[in-house]
Every structure is written in C-alpha cells, then in structure tokens.
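J.: Based on the sequences and whatever the hints tell you, model everything.
Here is how the chains run, residue by residue.
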Amino acid sequence: MATVEKDANTELIKGIWRDNPVFVQVLGMCPMLAVTNSAVNALTMGAATLFVLVASSFIVSLLRKVIPKTVRLSCYIIIIATFVTIADFTLQAFVPLVHKELGAFVPLIVANCMILGRQEAFASRNTPKLAVFDALGMALGFMLALLSLGCIREILGSGSLFGFSLFGENFEPWVVMLLPPGGFITLGFLLLFFNWLKFRKEQSGSTVKPPGNNAAEAK
Amino acid sequence: MIQDLITIFVGAALINNFVLSYFLGLCPFLGVTNKLQTAFRLGLATTFVMFVTAVCTWLLNTYVLIHAPYLRLISFIVVIASTVQFIELFIKKVSPVLFQALGIFLPLITTNCAILGLAIFATNRDYGLVESIVFALGAGAGFTLALSLLSAIREETELADVPAMARGTALNLIIAGILSLAFMGFAGLFSG
Chain A
1 MATVEKDANT
11 ELIKGIWRDN
21 PVFVQVLGMC
31 PMLAVTNSAV
41 NALTMGAATL
51 FVLVASSFIV
61 SLLRKVIPKT
71 VRLSCYIIII
81 ATFVTIADFT
91 LQAFVPLVHK
101 ELGAFVPLIV
111 ANCMILGRQE
121 AFASRNTPKL
131 AVFDALGMAL
141 GFMLALLSLG
151 CIREILGSGS
161 LFGFSLFGEN
171 FEPWVVMLLP
181 PGGFITLGFL
191 LLFFNWLKFR
201 KEQSGSTVKP
211 PGNNAAEAK
Chain B
1 MIQDLITIFV
11 GAALINNFVL
21 SYFLGLCPFL
31 GVTNKLQTAF
41 RLGLATTFVM
51 FVTAVCTWLL
61 NTYVLIHAPY
71 LRLISFIVVI
81 ASTVQFIELF
91 IKKVSPVLFQ
101 ALGIFLPLIT
111 TNCAILGLAI
121 FATNRDYGLV
131 ESIVFALGAG
141 AGFTLALSLL
151 SAIREETELA
161 DVPAMARGTA
171 LNLIIAGILS
181 LAFMGFAGLF
191 SG
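First to last, the sequence lines map onto chains A and B.
If you read the first sequence in my numbering, its first letter stands for residue 1, the second for the next number, and so on.
If you read the second sequence in my numbering, its first letter stands for residue 1, the second for the next number, and so on.
Bear in mind the hints are in silico, worked out from the structure with no lab data behind them.
A quick note: this is a predicted structure, and the numbers were derived from the prediction, not measured.
For every residue, glycine included, the Cβ atom is placed at its ideal position computed from N, Cα and C.
Keep in mind that the hints are not guaranteed to be accurate.
Stated by the list, open to error - For lysine-lysine, the following DSSO-like pairs were computed, each having C-alpha atoms within a straight-line distance of at most 30 Å:
no., chain 1, residue 1, chain 2, residue 2
1, B, 92, B, 35
2, A, 198, A, 100
3, A, 69, A, 129
4, B, 93, A, 69
5, B, 35, A, 198
6, A, 69, B, 92
Unchecked claim - Chain B side only, calculated, beta carbon under 8 Å to chain A, not exhaustive:
no., residue
7, 69
8, 79
9, 91
10, 165
11, 166
T.: This is the structure in structure tokens:
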C-alpha cells in the first residue's frame, strides 16, 4: 500500500513541476493564451480544465479494457466532449459573466491537446487511482501556468490583481499586455525563464535540484 | 450583400486572424512551421477541411441541432473527425502524391482547435450557408498566411546567431508576438 501511495504522489508532483504541461511539454497553448488576460478568467479556465481532465481520465481508465484499440481516439474525444458540455452549462449557470468573457473557449477545451494526450499516454494504461492523481497533477500544473500568465498580464495590463487595483491612480497600464501580442510575448519570456533555469541546473551539475526531481529519480 | 461577404472574409483572414488574434490552431502553428513549403500545404489542407466543416455544421445546425442543442459539441467533433477521415481516404485514392506530401499532418487536423473554433463561431454568429463558407475560406486564408509568415521567418532565424537557450518555442512565441502586433494594424480597416 505504501508503494502505491508513493507512486500516486510522484504522479501528482510530476505534472505540477517536472513535466509541467505548458512550460515543459508545450501543450494546450490555445486556451493558455486566449483566456489569460485576467487572473479570474485564468482561474475559471483552469478549474474547468481540471474538472474535465480528472473526470475523463477516471472514466477512460475505468473503461480501458472495454474500449477497442482501433476506435480509442474517437471514444476519448466523445468522453471528453461530454464532460466539457457539462462544464460549459455549469459555468453558464453559476458564473454567467465570466462564462460570457471566456466565450467560445470553454467548448474549445475539447480540442485541448493536453487532455487527449493524457488519456492516450497515461489514463488508458493505468489504474483509475493513478490516472486520477496524474490528471490532478497535470491539471494543477496547467492551472499554475494559466494563473502565472494571467497574473502577469493583469498586473501589467490593467494594474490590478483579481480586480483589485494595485498601483493607485498614477499607473499607466500597458494595454498591449491585454491584447493578443502581450500573450505571445509574455509566454515567450516565461519559457525563456524556464529554459534559463534548466540551463543553469545543467551547468551546476547535480548539486541544486527541485524536490520533484529527486522523488522521480529515486524511482 | 457582396460587401458583407467581403467584410466577413477580410475580417476572418486579417483583422481577427485565427492564429494571431484568437490563438486558435497554435499547435500546428508552432509545430510544423520549420519549412515554408510544408507549412503552406498544411494551410491549404486545413482550409479545405474548414470549408467542408462549415457546410456540414450549417446543415447540422439548421436541420438537426434545433431539436437537441446540448449535443452541439459532440456532434461537431464527430463531424470534424469523420470529415478528416473521409478526406484522407479521398486524397489517398485520387492523388497518392499529395497524400505522401501531407503525411502525418493530415490526420492531425482533427485536433486543430481552429476547425472546432470555426464551427462554434459560425454558430454563435448565426451565419447562413454562404456566409459560413466565406467565413471558412477567410479563416483558412488567414491560417495559411500566418503559418507561411512564421515559417519564412523561422527559416531565416535558423542561420542567425541566437543564444542556445532561446532557441525553439520561446523564440517562436516572441516572433509570433511581434507578428501579432503587426496584424493589429489591420484593426481599423473597416471602421472608416
């Protein structure tokens, strides 16, 4: 039992840091850039993706012995589309304003390649428990990336965070950060930062390592 | 009428370019743009799928989905997947040379969010059949244009002296940002 729990923890941490879907694997870019013009939008999108990813990973993992190999991708897509429809209607009912701002990007979660990728690479080959932990880790990593991008763009682009003003009256907002170019450039620089971290780690050898890496390498 | 159609076409191709201002279809945009020729061909194939999808979604919306709106997303995805499958078979039969040239990129069009995005936008805006088709052609032209532009620039950066850690996606995203900034210049095209 102890080993199972350790594995589950490894899967969870893996997605958040070492294999972060956005910064390391560069997946799920479309929603990543489109909805991160404010922290609230980013958080809502992250939560919706988390729900869809965890629920569909669980179902796919349960059905992994039933689904025939040849039509597996279509089956995954239909399972994902079902949960996205649920998420879409739920958001519409409870947070109509945010739902309106996210617009077409909630239904577009279906086409998020990160979700399909996890079903194919992980959920279809592992037990439901591990699949849920893996999905949670990946979704949290995705949320972390969305939120960091959303916070940077909201702070620089409108001088506020979660709608609260930060700098007072005299702040001149960088409107470009809220517009599409700001999204591309901010994500570009974030990736540069992550590359730099990796670069520095490689140069300093094995002395400095984030905790997620040690656990993975012990395995 | 004609003027409306031109507005829809130019709007989808330049002003609200699918890639550079709606962030749709970023995976092929960042993934397959290392050569100008492949990027251009992929753009054309995607345009064709967009065209077929636009016609199918219009038919679905008009005749089927008024009875069951909650099935919208699932039926769109199924239509797109089967369209791509059908086109794959068709091209394989009619022109094996083109099939060879497109290779793996053809099936990957299924998971391109630009196609699903097109279907959803066309539905949300209540486009008729002709408008949907023009919208699809405009979006496809814009997609091809963005892909070709980025790949042409990337071919140049291959030879440039770039710091090792900036190579790859980080650099491409920053180039895309600058391209997107340039495309914002089209924003005032129809206001005056």
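J.: Which of the stated hints cannot be reconciled with the structure, identified by number in ascending sequence?
T.: Violated: hints 2, 7, 8, 9.
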